[in-house]
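Protein chains in written order, with UniProt numbering: chain A, 1 to 234; chain B, 1 to 221.
It is worth saying that the hints were derived from the structure and are not from the lab. Just to be clear, a hint being listed does not mean it is correct.
[Claimed, not checked] Cβ pair distances, simulated, as ranges: (1) N127/B / G188/A: 41 to 47 Å; (2) E151/B / N25/A: 21 to 27 Å; (3) L11/A / T37/B: 26 to 32 Å; (4) T122/A / Q177/B: 15 to 21 Å; (5) N25/A / M118/B: 29 to 35 Å; (6) N139/A / K211/B: 46 to 52 Å.
[Unchecked claim] Pairs of lysine to any residue, SDA-like flavour, derived with a Cα cap of 20 Å: (7) K191/A / A23/B; (8) K92/A / E3/B; (9) K193/A / K28/B; (10) K200/B / N15/A; (11) K191/A / A26/B.
Ideal Cβ positions, reconstructed from N, Cα and C, are used throughout, including at glycine.
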Amino acid sequence: MAEEDHFLYALSSNNAWAGYKAHQNPQFFPKLASGQSPKILWLGCSDSRCPETTILGLQPGDVFVHRNIANIISPTDINTSAVIEYAVAHLKVKHVVLVGHTACGGAAASLSDNRVGGVLDTWLTPLKAVRYANLEELNAIKDDKARATRIAELNVEAGVKVLMANMTIQDAIQERGLEVHGCLFDIGCGKIKDLGFGTKGRHGFGINGTDEIVRGKHAQLVFRGGNASMAVRP
Amino acid sequence: MAEKDISRYLRQSHDRVFEHNKAWAAEKKASDPDFFTNLSAGQSPEYLWIGCSDSRIPAEQITGLEPGDAFVHRNIANLVCNTDLNAMSVITYAVQHLKVKHIVVCGHYGCGGVKAAMTAKDLGILNPWLRNIRDVYRLHEKELDAIEDEEARYNRLVELNVIEQCRNVVKTAGVQQSYAQNSFPIVHGWVFGFNDGLLKDLKVDFEGMLKDIQKIYNLTE
Numbered sequence: 001m002a003e004e005d006h007f008l009y010a011l012s013s014n015n016a017w018a019g020y021k022a023h024q025n026p027q028f029f030p031k032l033a034s035g036q037s038p039k040i041l042w043l044g045c046s047d048s049r050c051p052e053t054t055i056l057g058l059q060p061g062d063v064f065v066h067r068n069i070a071n072i073i074s075p076t077d078i079n080t081s082a083v084i085e086y087a088v089a090h091l092k093v094k095h096v097v098l099v100g101h102t103a104c105g106g107a108a109a110s111l112s113d114n115r116v117g118g119v120l121d122t123w124l125t126p127l128k129a130v131r132y133a134n135l136e137e138l139n140a141i142k143d144d145k146a147r148a149t150r151i152a153e154l155n156v157e158a159g160v161k162v163l164m165a166n167m168t169i170q171d172a173i174q175e176r177g178l179e180v181h182g183c184l185f186d187i188g189c190g191k192i193k194d195l196g197f198g199t200k201g202r203h204g205f206g207i208n209g210t211d212e213i214v215r216g217k218h219a220q221l222v223f224r225g226g227n228a229s230m231a232v233r234p
Numbered sequence: 001m002a003e004k005d006i007s008r009y010l011r012q013s014h015d016r017v018f019e020h021n022k023a024w025a026a027e028k029k030a031s032d033p034d035f036f037t038n039l040s041a042g043q044s045p046e047y048l049w050i051g052c053s054d055s056r057i058p059a060e061q062i063t064g065l066e067p068g069d070a071f072v073h074r075n076i077a078n079l080v081c082n083t084d085l086n087a088m089s090v091i092t093y094a095v096q097h098l099k100v101k102h103i104v105v106c107g108h109y110g111c112g113g114v115k116a117a118m119t120a121k122d123l124g125i126l127n128p129w130l131r132n133i134r135d136v137y138r139l140h141e142k143e144l145d146a147i148e149d150e151e152a153r154y155n156r157l158v159e160l161n162v163i164e165q166c167r168n169v170v171k172t173a174g175v176q177q178s179y180a181q182n183s184f185p186i187v188h189g190w191v192f193g194f195n196d197g198l199l200k201d202l203k204v205d206f207e208g209m210l211k212d213i214q215k216i217y218n219l220t221e
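With the sequences and hints as input, model every part of the structure.
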């Protein structure tokens with residue numbers, strides 16, 4: 001049976017992986033068993049092409065993960081809220097990263113006027129709202145792929161706003177400098193782009209930016225050419 | 001740490017991710033120049049993975065699956081709740097649109113969520129979510145209470161929770177209707193162990209479970 005093959009493949013592949021990891025580093029699994037202290041909470045899409053730990057080039061133990069349809073952050077969704085609460089208040093991650101991606105099925109669905117069916121239409125409502133709020137801009141984009149990418153970015157922007165309004169996240173930003181980021185994963189080239197939303201603000205940050213800004217409570221810390229300087233914000 | 005040092009540390013741990021991502025993308029492209037072009041064309045994953053958010057269980061790495069192989073939902077303690085539109089949307093999309101062949105509910109020993117649910121403590125917004133695990137305990141109270149060793153009881157609750165969540169997956173209209181029509185997806189319950197990195201198949205009897213459930217939860221019509 002072809003179906004059984006896929007199933008057995010995953011299990012046997014796990015066996016090989018565990019053997020390889022333990023051979024490479026005998027302390028690998030005992031260390032994992034002792035607990036987790038991830039630095040990053042990844043909020044991303046369920047899409048099979050976005051395996052967070054793999055695309056980040058990181059290891060088990062590095063990234064706490066929630067993945068749902070179209071990486072939608074709804075303020076009253078108890079599932080996402082529980083993940084955020086556990087990761088931020090209990091595990092005390094340093095970064096919350098909301099990651100959208102190109103060629104997202106959820107984005108395409110929300111750009112269409114057709115019903116998706118079942119509970120999905122209800123789930124995609126926040127993304128539909130993003131579409132209607134940016135109708136003019138989105139309609140002006142003629143290329144379907146480019147339009148889907150743009151709504152994915154707008155979705156991240158909206159999601160980051162919801163994250164910034166979350167009380168647990170607000171407390172952690174104030175108390176210990178938690179950082180919130182909004183990113184886009186480009187499936188076409190495998191790279192992640194920092195969109196600059198969240199605790200950073202839009203300007204001067206990111207892999208392409210020249211100045212790197214970290215905002216403190218009352219001031220901006222600007223890294224430039226190896227030096228740091230403080231600039232007080234109004 | 002001074003504020004300056006904290007900021008620098010945060011920048012470094014943030015930048016590290018982008019450096020690794022660049023290296024990963026370059027490596028993938030070098031080994032297969034069409035890798036990302038093919039990925040962009042669409043997804044047709046064989047699996048839906050419902051797992052825990054725990055950072056130690058990246059679904060793809062522990063199963064050796066490549067990008068494109070598994071559709072993934074991860075939440076606290078791998079729960080599948082009837083009224084949670086988040087997980088229900090994932091299942092609906094995976095089954096009805098992507099037509100996955102296998103749904104894996106994967107728990108893990110040493111689960112912080114399961115442990116928290118065994119604790120007599122008010123955990124705020126986590127309460128309604130973790131309540132579902134307390135319900136699993138109540139369903140299997142006799143068996144669990146009979147286990148004297150606390151660690152063993154906790155491990156057993158992890159397993160029973162996985163089986164209960166498999167049952168919740170089977171209760172959905174999408175799974176029942178697809179199985180009646182296509183003979184898939186099949187639902188599996190696995191548990192990951194940190195001590196050896198191995199997945200344990202709990203050997204959930206999918207057909208038996210489905211038959212049982214349909215006495216009351218039949219949604220195929």
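message = Verify the CB-CB distance for L11/A and T37/B against the hinted window 26 to 32 Å.
response = Holds: the Cβ-Cβ distance is about 30 Å, inside 26 to 32 Å.
request  = Take a look at whether the Cβ-Cβ distance between E151/B and N25/A falls inside 21 to 27 Å.
outcome  = 25 Å, holds
Agreement of K193/A and K28/B with the hint, judged by alpha carbon distance not exceeding 20 Å = 18 Å, holds
query = Is K191/A close enough to A23/B, meaning Cα to Cα at most 20 Å?
reply = With Cα atoms ~10 Å apart, K191/A and A23/B stay inside 20 Å; holds.
inquiry  = Within 15 to 21 Å: is that where the Cβ-Cβ distance between T122/A and Q177/B falls?
reply    = 19 Å, holds
Verdict for N139/A, K211/B (Cβ pair) under range 46 to 52 Å = The hinted range 46 to 52 Å holds for N139/A and K211/B, with Cβ atoms some 51 Å apart.
query = Does the Cβ-Cβ separation between N127/B and G188/A fall within 41 to 47 Å?
reply = Once the Cβ atoms are compared, 42 Å apart, the range 41 to 47 Å for G188/A and N127/B holds.
Given pair status - N15/A, K200/B, alpha carbons within 20 Å = 10 Å, holds
request  = Could you grab the alpha-carbon distance between K92/A and E3/B and see if it respects the 20 Å cut-off?
outcome  = 17 Å, holds
message = Hint check: K191/A vs A26/B, CA-CA at most 20 Å. Holds or violated?
response = 9 Å, holds
task = Starting from the range 29 to 35 Å, see whether the pair N25/A and M118/B falls in it by beta-carbon distance.
result = Once the Cβ atoms are compared, 32 Å apart, the range 29 to 35 Å for M118/B and N25/A holds.
Every hint from the earlier list agrees with this structure, and none is contradicted.
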